[in-house]
Amino acid sequence: SNATYVDFVRRVKFLSKLKLNLTNVPQDGQYTFQAPDRMVNVRVASIPSRFGETYTLRLLDPVRGIVPLTQLGFPEEIHQALQELVKLPNGLILITGPTGSGKTTTLYALLNTVVGTQRNIITLEDPVEYELKGIVQSQVDTEHDYTFSSGLRSILRHDPNIILLGEIRDLETAQTAVDAALTGHLVLATLHTNSAIEAIPRLLSMGVSPYTFAPALRAILAQRLVRTLSDACRKPDAACDVADSKTYNGRMSLPELITVSPAIQSMILSSEPSQAILVQAKKEGYRTMREWGEILVKDRKTSQAEVDRVIA
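Here the sequence shown is numbered in the numbering used here, starting from 240 and rising by one per residue.
Pairs of lysine-lysine, DSBU-like flavour, derived with a Cα cap of 30 Å: (1) Lys-540 - Lys-521; (2) Lys-326 - Lys-372; (3) Lys-521 - Lys-326; (4) Lys-540 - Lys-485; (5) Lys-537 - Lys-485; (6) Lys-326 - Lys-522; (7) Lys-474 - Lys-485; (8) Lys-256 - Lys-372; (9) Lys-521 - Lys-537; (10) Lys-540 - Lys-522; (11) Lys-522 - Lys-537; (12) Lys-537 - Lys-474; (13) Lys-540 - Lys-474.
Label-pair distances were calculated between CB atoms; the ranges are: (14) Glu-382 - Thr-451: 24 to 34 Å; (15) Gln-519 - Thr-422: 25 to 35 Å; (16) Arg-392 - Ser-469: 45 to 55 Å; (17) Thr-243 - Gln-519: 51 to 61 Å.
In case anyone wonders, no lab produced these hints; they're calculated from the structure.
It should be emphasised that the depicted structure is a prediction, and the values quoted were computed from it without experimental measurement.
The beta carbon of each residue, even a glycine, is placed where N, CA and C say it ideally should be.
Make a model of the complete structure from these sequences and hints.
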């Protein structure tokens, strides 16, 4: 009923500290509630619509959210490369993909492998999604001018070894992240692009200097999440309907990873087109997301329809 809707909206707005009197502009907020055995974070987003405000609530479980890197389903080749990359003393590692593709989960899985190794780790997020002991977690607050760019500058005064940057949204944040990577910090950041190679022209089009970006960049990981086939549907003689949700019973990462070699570094410096950089990356062993997807289909871990769905 309308009365129930009004009560629900008021309650959600109050809990997530949204402005109660505003109904014609989008708002974002969050709140936490006590589950039987842990605190759960709820991210709230609203938009005005024809018949009232529309709300989306996203549950973030801080305990279940941090999945070990070994359980994310990366191919062994990429898993080993990521483990080596996070041990680097400096540089920029980008993780790209659309919203809901598991970028934050991968970031925290990487951080979890180096927590307790005497490295000062600081995160800057919007908001802090998962709790990880042994690191400093900071959250942007735009109402008080604590943005990604201003927050990153402040973090650098605390002598971090590793910085997790929730998202690169503008030139100032991007250039500050690159500069930090060149001055002895390992920076892990996310970006919204459809493929790994697209991250390079995206940052350059923002205005980042290729003369600093090229030597700072270490790797770009792009990923999606694909549903995995159930045990019954993995059998060679199984005749499962790939459109039926019961065919699947889990999810795993479908990645592609570009590691930046001296040759690719030189091409970025020379502002060569991304297609030429892609050709060079393939010569060095890079596989596209679709190629990794074909391997998953061959191994009966997922279906071709599922691969096509996430990377169409």
